[in-house]
Amino acid sequence: MSQKPQNNDLGTAHDSLFKEKVALLRLYYPQFLEIALTDLLLSCDSDFDAVKGLISGEVPKKRAALTQGSLGVAKARKLQAPASVSSKTSLKNGRQKITLNTPQDVEHHLAPYASLHLNFLPKEVSEPLLAELMEQRHAYKYNQFYLFGNRCELSHLLGMYSRPEAEYAQMVYNGLKRSKPALYTENMEKACVCMEELLNKKIIPNEPQPQWNVDKRSDSNKESSEKSEEKFRWTSDFCLVNCYEKLQSNLAWHSDRLSHIGPLNYVALLSLGTTRVFRLRNTYNKNAPTYHIPLPHNSILLMKPGCQEEFQHCVGPMSKAIALHETAGSLRFGITARHYPPFFIQNLPKCRCDLSMILRRSYKNVAIRGQYFWACENIYQNKDCGAFHWADFDNVSGHYIAKDTSAILTWIAPEDTEKHEYERKKKETDLKGPDGRPDGRPEGDGVGRSA
Numbered sequence: 001m002s003q004k005p006q007n008n009d010l011g012t013a014h015d016s017l018f019k020e021k022v023a024l025l026r027l028y029y030p031q032f033l034e035i036a037l038t039d040l041l042l043s044c045d046s047d048f049d050a051v052k053g054l055i056s057g058e059v060p061k062k063r064a065a066l067t068q069g070s071l072g073v074a075k076a077r078k079l080q081a082p083a084s085v086s087s088k089t090s091l092k093n094g095r096q097k098i099t100l101n102t103p104q105d106v107e108h109h110l111a112p113y114a115s116l117h118l119n120f121l122p123k124e125v126s127e128p129l130l131a132e133l134m135e136q137r138h139a140y141k142y143n144q145f146y147l148f149g150n151r152c153e154l155s156h157l158l159g160m161y162s163r164p165e166a167e168y169a170q171m172v173y174n175g176l177k178r179s180k181p182a183l184y185t186e187n188m189e190k191a192c193v194c195m196e197e198l199l200n201k202k203i204i205p206n207e208p209q210p211q212w213n214v215d216k217r218s219d220s221n222k223e224s225s226e227k228s229e230e231k232f233r234w235t236s237d238f239c240l241v242n243c244y245e246k247l248q249s250n251l252a253w254h255s256d257r258l259s260h261i262g263p264l265n266y267v268a269l270l271s272l273g274t275t276r277v278f279r280l281r282n283t284y285n286k287n288a289p290t291y292h293i294p295l296p297h298n299s300i301l302l303m304k305p306g307c308q309e310e311f312q313h314c315v316g317p318m319s320k321a322i323a324l325h326e327t328a329g330s331l332r333f334g335i336t337a338r339h340y341p342p343f344f345i346q347n348l349p350k351c352r353c354d355l356s357m358i359l360r361r362s363y364k365n366v367a368i369r370g371q372y373f374w375a376c377e378n379i380y381q382n383k384d385c386g387a388f389h390w391a392d393f394d395n396v397s398g399h400y401i402a403k404d405t406s407a408i409l410t411w412i413a414p415e416d417t418e419k420h421e422y423e424r425k426k427k428e429t430d431l432k433g434p435d436g437r438p439d440g441r442p443e444g445d446g447v448g449r450s451a
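Counting in the UniProt record's numbering, the sequence shown runs from 1 upward without gaps.
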């Protein structure tokens with residue numbers, strides 16, 4: 001039977017002293033949940049003093065990121081490094097650094113989780129759009145939020161845009177209601193159409209897709225032929241624009257929240273302005289490398305199904321520019337486009353705080369790795385009501401809550417050999433009786449269900 005994740009199941013050891021640091025933080029802050037302290041330490045790259053400063057309010061411009069996961073279908077990633085990799089170094093936490101400069105490098109190392117596309121927009125769209133953003137950035141704000149009662153502030157500016165008909169645009173940034181976003185300009189609309197065409201015509205038709213993201217509310221009124229023809233279409237009715245005015249402006253390690261975009265999602269990141277380095281690292285394998293991807297002007301990085309579950313990403317500070325833009329200089333805009341299914345948002349479960357719950361994925365404890373669950377949104381305010389549900393994305397009428405442990409949906413990465421070996425041994429054990437002989441139970445009994 002699956003067990004509820006323990007607090008330490010949701011963190012991961014990026015250094016040999018990670019668990020000890022979490023234990024010490026619990027001594028300093030016994031009133032805070034271990035899961036929250038683990039997330040803070042993880043996003044601060046195991047910097048114990050940075051977490052203490054963040055909680056005490058002494059470093060208001062450094063935000064701890066929230067780790068999330070994703071449910072998806074993926075092909076096995078290539079694990080062999082090509083000889084053409086531009087640079088390899090060893091990071092202080094023991095991870096190898098691999099720089100990926102070309103789309104081919106990204107394909108080789110990160111397929112099927114990410115892809116890089118250069119010179120993406122026509123110049124007659126990219127340059128006017130950059131000029132518009134440079135003018136409009138003065139209306140952007142530093143994103144402020146409260147963490148354990150302290151006001152915190154990100155080190156970069158944030159702008160929000162949406163199409164006029166965007167039904168749930170006001171709901172979808174970090175699970176919090178925000179002021180009404182600015183409407184798409186003509187050039188922003190053209191850019192989003194280009195991203196939609198890339199995904200819907202070239203990417204999605206050539207990759208396996210799950211069925212959770214198809215609206216199932218009216219399935220009973222449809223003929224079976226209509227159901228089979230219904231396909232997922234990715235739309236970008238809402239965009240976030242992160243503006244990095246200085247080379248020191250950064251975004252901490254995190255995975256994108258799944259609570260409003262759902263599992264198995266595509267996230268498109270369009271870069272305009274100076275080149276900045278985008279980093280990716282595995283969430284639970286401390287021996288896996290950290291990938292550094294320089295994103296030049298007018299490039300788009302697609303984070304595909306499985307990327308949010310297997311990886312964290314960040315944009316780190318820089319001491320020296322890689323390539324200044326001829327008009328924007330060191331200024332960089334990151335336009336993040338996501339798909340927000342209205343039917344999914346309408347069916348989100350609520351906790352006893354009367355808030356939509358956050359969607360998370362277990363990943364450290366190999367026994368329950370890959371299982372998705374719902375938790376209280378107030379966990380980072382130390383007001384957690386304790387509500388918890390395992391997730392089942394077939395149970396639409398039940399707000400995606402699993403009725404029992406046999407219905408828990410699970411996604412396991414093809415290259416996660418540790419988890420696959422664990423499942424293999426568990427099946428062998430479950431199929432044997434007390435005397436070591438098969439007991440006649442179905443092969444999948446007690447293992448759960450894979451997506």
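Each hint should be verified, as a subset may be incorrect.
[To be verified] In silico DSSO-like cross-links for lysine-lysine, where the CA-CA straight-line distance does not exceed 27 angstroms:
(1) Lys426 with Lys286
(2) Lys123 with Lys190
(3) Lys231 with Lys141
Keep in mind that the hints were calculated from the coordinates and are not lab data.
Remember, it's a predicted structure, so these values are computed and weren't measured experimentally.
Hint by hint, here is what the structure shows:
1. Lys426 with Lys286: Between lysine 426 and lysine 286 the Cα gap is close to 24 angstroms, so the pair holds against 27 angstroms.
2. Lys123 with Lys190: Distance ~12 angstroms between lysine 123 and lysine 190 Cα, so the pair holds.
3. Lys231 with Lys141: 38 angstroms, violated
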